[in-house]
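A.B. asks: Listed here are the chains, written in short residue letters.
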Amino acid sequence: MLIVGELINTSRKAIKPAVESRDAEFIKDLAKKQVEAGADYVDVNCGTMVFNEEETMAWLVETVQSAVSAPLCLDSPNPKALEAGLALVKNGQPMINSITGEKERFEIILPMVLKYKAKIVGLCMDDSGMPETAADRLKIADKLIGDMVAAGVPEGDIYIDPLVKPVSTGDMAGVEVLDTIYAVKQKYPKVHGICGLSNISYGLPNRKILNHVFMIQTMVKGMDGYILDPLDKTMMGFVYASQALLGQDQFCMNYLTAHRNGLYE
Amino acid sequence: MANFESLSQSVIAGKEAQVKEQTQALIDAGTDPLEIINQGLIAGMNVVGARFKNGEMFVPEVLMSAKSMSSGIELVKPLIADSDMPNKGTVIIGTVKGDLHDIGKNLVAMMLESGGFKVINLGTDISPEKFVEGAKEYNTDIIAMSALLTTTMLHMKDTIELVKEEGLKVKCIIGGAPISQDFADEIGADGFAPDAASATDLCGKLMA
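As given, the protein sequences belong to chains A and B, one line each in that order.
Position 71, counted from 1, in the first sequence is what my numbering calls 71; the numbers after and before it change by one each time, with no gaps.
Quick note, my numbering runs 1000 ahead of the 1-based positions in the second sequence.
Okay, chain B solo, but in the shape it has when bound:
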């Protein structure tokens, strides 16, 4: 018999077929779809995030868990009105202008999505103007910027300045290999995260 605990365990183990099966069983048994998401799927992913952060789980396992969770969400989604979907906040994420590196940024996007955020992934080479446009279009709570090159990281500052000029009530966070807390403070970012799991925690704190 499927229950929230076993569903969470399947998410943690990254067993996609099992997650689908258990999610469907819960749906068929008339379980509240929102509870399936919150107490089963997201609950499992929360454990994954914590284990990833303290080094018990690794990137490929997190990817499998996230994929399993998404498959579960796909089954439940049609049963829930869009406005009722769990949403801790809306984040637009992208790699800054002139920079085409996307692996870390995509990991962060995936972790945030799994953590219950609505994520709009703008891609790479995103200018300050495009970040601001996106923030307006999607009524964003947080702009998350990534850079791998030391020559492009200064565009983070340009984006933060443009956000202020436009008077947007949006938090700006940054990350990437050359980025440090010092740099974040220097350019007036609202936060810095050294890795994908910390980025989810950071967004959670900023939305609290």
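With the rest of the complex left out, here is chain A:
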């Protein structure tokens, strides 16, 4: 299981001013808290800083790395910002979010994946647009995996993101993701799955409940990576409980640790 802590993202209201004022202590503290809460990777996303994203990314990478030894997930639609961050990485294997089946994006991102030997999130969309069905997604995943493996990316470094759409605008949005991840894991046992959870609940009340339940449902189908808020105790509690119930937690050790850490109070 790979947990990517999503909180350092300038599209979040509390983060933007801290990043703009280069409040290093605030960012360091948030990085530490996420790692302490169980994040394996710390996500760094400053995509909203459109006019100085590269410089901001560089500052964030250095700031986070000075606080934690966990590796980083560099998250941006802008290849230049990704490169600026990757060049400074020193904590283990970086992760890049994301490559897609869009021809131009694929060709720009792939060399970075190889150069930095990074883990790579392969998002299921391509030049024909956003996929609707699981079959559409699987077709894109097949091509992404095939092309990356042919270029020398190890299967185990690939994390397929099925692309989560809101269930509020399509009744089958959850099922299509569940079917996709199951099919990917059947066909490519070494390839991983990853997704964010908040898209599923867009447009509906009690979003946390839907996010929690969707995490559990996708995990049953083989999802083994999440980009989430590790400070959400209920979410993390469900992650450990779910792993124990799925036979992914020897002697229930992680579950018991979570209990002793007060996650189920």
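Each hint should be verified, as a subset may be incorrect.
Said to hold, decoys possible - Cut-off 25 Å, straight-line C-alpha distance, at most; resulting in silico cross-link-like pairs (BS3-like, lysine-lysine):
{"id": "1", "chain 1": "A", "residue 1": "K221", "chain 2": "A", "residue 2": "K190"}
{"id": "2", "chain 1": "A", "residue 1": "K103", "chain 2": "A", "residue 2": "K143"}
{"id": "3", "chain 1": "A", "residue 1": "K117", "chain 2": "A", "residue 2": "K90"}
{"id": "4", "chain 1": "A", "residue 1": "K208", "chain 2": "A", "residue 2": "K233"}
{"id": "5", "chain 1": "A", "residue 1": "K16", "chain 2": "B", "residue 2": "K1157"}
{"id": "6", "chain 1": "A", "residue 1": "K16", "chain 2": "A", "residue 2": "K28"}
{"id": "7", "chain 1": "B", "residue 1": "K1136", "chain 2": "B", "residue 2": "K1164"}
{"id": "8", "chain 1": "A", "residue 1": "K13", "chain 2": "B", "residue 2": "K1157"}
{"id": "9", "chain 1": "A", "residue 1": "K80", "chain 2": "A", "residue 2": "K28"}
{"id": "10", "chain 1": "B", "residue 1": "K1053", "chain 2": "A", "residue 2": "K208"}
{"id": "11", "chain 1": "B", "residue 1": "K1053", "chain 2": "A", "residue 2": "K13"}
{"id": "12", "chain 1": "A", "residue 1": "K103", "chain 2": "B", "residue 2": "K1130"}
{"id": "13", "chain 1": "B", "residue 1": "K1118", "chain 2": "B", "residue 2": "K1067"}
{"id": "14", "chain 1": "A", "residue 1": "K32", "chain 2": "A", "residue 2": "K16"}
{"id": "15", "chain 1": "A", "residue 1": "K80", "chain 2": "B", "residue 2": "K1157"}
Calculated directly from the structure, the hints in this document are not laboratory data.
We have chain A; now place chain B onto it with these hints.
C.D. replies: Just chain B, lined up with the frame of chain A:
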């Protein structure tokens, strides 16, 4: 007996079959078709928009209401000359160049249509040139642009600049997850809306 109030209520409740039945009953009773639209169907959708905005109603309910309303409109439309159809203004809407995200944009299109605007949905990956062509072709009042990616949002600026170069008298509005009022001001947009219900209000204000 069908009346405007009960028709509105059926739209609000998203009961499509009932909306059709009541609309047909009003038509059969010789009610002015335009009044059926304005006082029944759109009136109901206006309530839906307000409730959606303040969090009493949610996206799937709004979609059901909009679908119900459209079914009602389909029945009434053949009875009205095109030029008499209620039209608060013409909006072309699309996701900007390089961006394929369409869920939010489609919600906005649906809300605008339900709010009495004529909406032309250009789709995704729309270049500044295509927006301008569309604006000319459809004699548009408003260009509405959506972006989800921070790398594509700058194309909004390109479109606004091209609109100015071409001297079009068109208002440009923008929206999408990474967009803010600050950004709208910075690139000279005529408006920004944080969600689909606000987008309808914004267009209403711009047309007033």
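A.B. asks: Hint compliance check: list the failing hint numbers for this structure, sorted ascending.
C.D. replies: none
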